Amino acid sequence: MERIAIVGVGQTKHEARKIQDSFADMVYEAVKMALEDAGMGVNQVDNVITTSNDFWDGRTISSMATGDVSGARGKNVSCVEGDGTFGAFYGMTRILSGSYGTTLVTAYSKGSESESPMITNAAFDPIYMRCLGLDLVTACALQARRYMKRYGITEEQMAMISVKNHLNALSNPNAHLGLKITVDDVMKSRKVSDPLKLLDCSPVSDGAACIILANEERARKITDKPVWVKGVSFCADAYLLGDRDLAECKALEKAARKAYGMAGIRDPRREIDVAEVYDAFTYQESMWTEGLGFCGPGEGGKLAVSGATAKGGDIPVNPSGGLLGAHPVIAGGLIRMVEAVRQIRGQAGAMQVKDNVKIALAHGVNGVCGQSHCVWLLGRNPN
Amino acid sequence: MARRTAIVATGQTYHKSIRRDVNGQELINEAVVRSLEDAQLTMDDIDGVIIGNMDHFEGINYVDCWSIDGSGGYMKPTMKLTTGGTTGATLAIAGYHMVASGMFDKLLVIGWEKNSESDTTGGIITCTDPIVERPIVAGAISGLACEAQAYMHKYGATPRDAARVSVRDHKHGCNNPHAHLRLDLTIEDVLHSPVLADPLRLHDMCPRTDGACAVIFACEGIAEKITSAPAWVLATANRHMFSDYSDVVQMASLLSMVEASKELWGKLGIKEPLKKVDVIEMYQPYSWAGMMWIEDMGLCKKGEGPRLIWDGVTDMGGELPINPSGGVICTNPIGATGLIRAAEIALQIQGKADKRQVPDVQLGVSTGFGGNWWTDMIAFGKKKPA
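As you go down the protein sequences, you meet chains P and Y in turn. Residues 148 to 530 (the working numbering) make up the first sequence, in order. Residues 75 to 460 (the working numbering) make up the second sequence, in order.
These are computed hints drawn from the structure, not numbers from a lab. Since the structure is predicted, the reported quantities are computational estimates derived from the model, not experimental observations. In this text, a Cβ means the ideal position worked out from N, Cα and C, and glycines have one as well. Treat each hint with caution, since some may be false.
To be verified - No farther apart than 27 angstroms at their CA atoms in a straight line, the calculated lysine-lysine pairs in the DSSO-like style are these:
1) P:501 <-> P:327
2) Y:180 <-> P:405
3) Y:180 <-> P:397
4) Y:350 <-> Y:245
5) P:368 <-> Y:341
6) Y:350 <-> Y:376
7) Y:350 <-> Y:375
8) Y:456 <-> Y:345
9) P:179 <-> P:372
As the list claims (entries may be wrong) - DEER-style ranges, computed between Cβ atoms:
10) P:416 <-> Y:149: 22 to 32 angstroms
11) P:189 <-> Y:457: 29 to 39 angstroms
12) P:278 <-> Y:433: 50 to 60 angstroms
13) Y:303 <-> P:411: 38 to 48 angstroms
14) P:389 <-> Y:232: 58 to 68 angstroms
Make the full structure from the sequences, and use the hints.
Below you can see the structure in the form of structure tokens.
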């Protein structure tokens, strides 16, 4: 693959309710920050990809709301409906096709204006499944239960992830929910859908993110700190929950294998310096660390308890606090990319895991119970 | 690692106003199976799937995930793109970039809509700003009627001129086995059909259709092995340039088409598109656009569209046939509509368009229209680009 770099990143502060901001206001803020970060003018943006979701926005053709503020006036533009990591993938191919030198990618959500149970209930089969009351939380509770039963994973192990990520979020100035809590606090928090308790679940936040991709020639002109794309892949599993063993994440394994292959990574736990994964729920971080090969199947709980995934551990996961710290839904994965870039540049402040981050992983999810995954490997060195 | 990329196979469903015999996934699968048969490939040969529709028409969230059983995307890279009416054209442009990028060799691209399960106008109204515009915008028809009024006022075109466009497309549609409406209409039929929003009448307007279209894109080296006549993508251009309805509906000109076509002709090195292009499949949702937007495309000067239409220049057998398939006025499964335009141009280049075939097509153009008066354009050629 020809070399592609991320040359600029921006994100808003993620909050419970940005009553003062429309979708466009939030996106404009993130775009402006990314352009300033890259030292670019909007006229140096060759083309634009927005990501949005009509259900979360409560409007059809939801990209209408954010094209102008993403700088798309007078340019070629498109819209991916799904997590921002997927939008970034399409943005990258528009450079690799030789059509454009730079792509600006945006993603946003306003959880405060959304009814999550209704919106995610609409992801299920309208005849046979919606009437069961399935939504993101109840379906993921089923997945958590299956995962725990299959591997003997405990609620306390999952609670450790909540403690870690909420603590990490305290050192993230953009996070929505930084908390200093104990395992006991998590265990005693309100049961949302057994076995998930309130502090096992990510909040639904308001916020936006933006990244700017460039080919090698343009990247070297724009910045002296390009962050290179080492590998990327995405993959989708079966739709019906009953068609999958919910304790497995085969699609993530396949996407990761492909991305690792591109990046030349053989031992992900040793070679990856930091990972930002899509932890919509505590058990998901545990499952995804297995799918990404940081530990064996069923060992994610032990990995979390061992401290290996803490900021000072050997494979820090979500030093930003992850989605448990802030979850503007569609921007969830793109924010992971922004945080990975900041780690590689050494600009992550109190979140920085070490001085010399060479390889960082960012991960996004589409659909329910991790049906579709996108894995990005970003690096300091182009080779 | 830019690679030359072509459409190598297409599949369309039986398009009808209500397909009670299939659910959404089955409708999608009908198009997918036909495209695979056309390519003589199986799903194992396909590297990835991209799909699009408009969520609020079927009320299904995360369609990329939901559609797996019909699309064949199981354990493959699967992605959804949506840009309103332009969705199908947006998908075709994405198919091009993703294959040309070197990330995929053979990509399945699917557009679909099961409009019978929707309230189309109710769904479209929600595209506008909920505070400022939603109380006053009434779906697609009223906005297009505003545009037609502005065009009449500025250039003196008449409903009879528009009816001539409608008659052309309906006549063409009679040659297309996939057309949803196959009506041999007269100008008087159009002029006496019920008023929807002045000056638009029923036969000036596209229907809403249940249907799907699947297209397979492949890179050079592989494309030639799948078909003896790949439809090579020569250039793409698009503009989604406004956020507010009130910005655009009274301009009597489709600015996104003006800008996108200027870019497209520039990329192709064409100065006189009327002479150089052999066939156009235009996303023309209503008859008036068939005059107004071909002016914006640069086929003639502003105000001269009606003359081109009456002279038969855009009829089958004319200098530049437009919509040999019958176009959107005959068939409109919204998320598929723009992709059908690209598929029809591919068929023209492949020489597989049967009764609707335009002789010796070397250069064809497909367009998409949607969102907030947006345009997507793609140029296809018979000859592999240099």
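Which of the stated hints cannot be reconciled with the structure, identified by number in ascending sequence?
none
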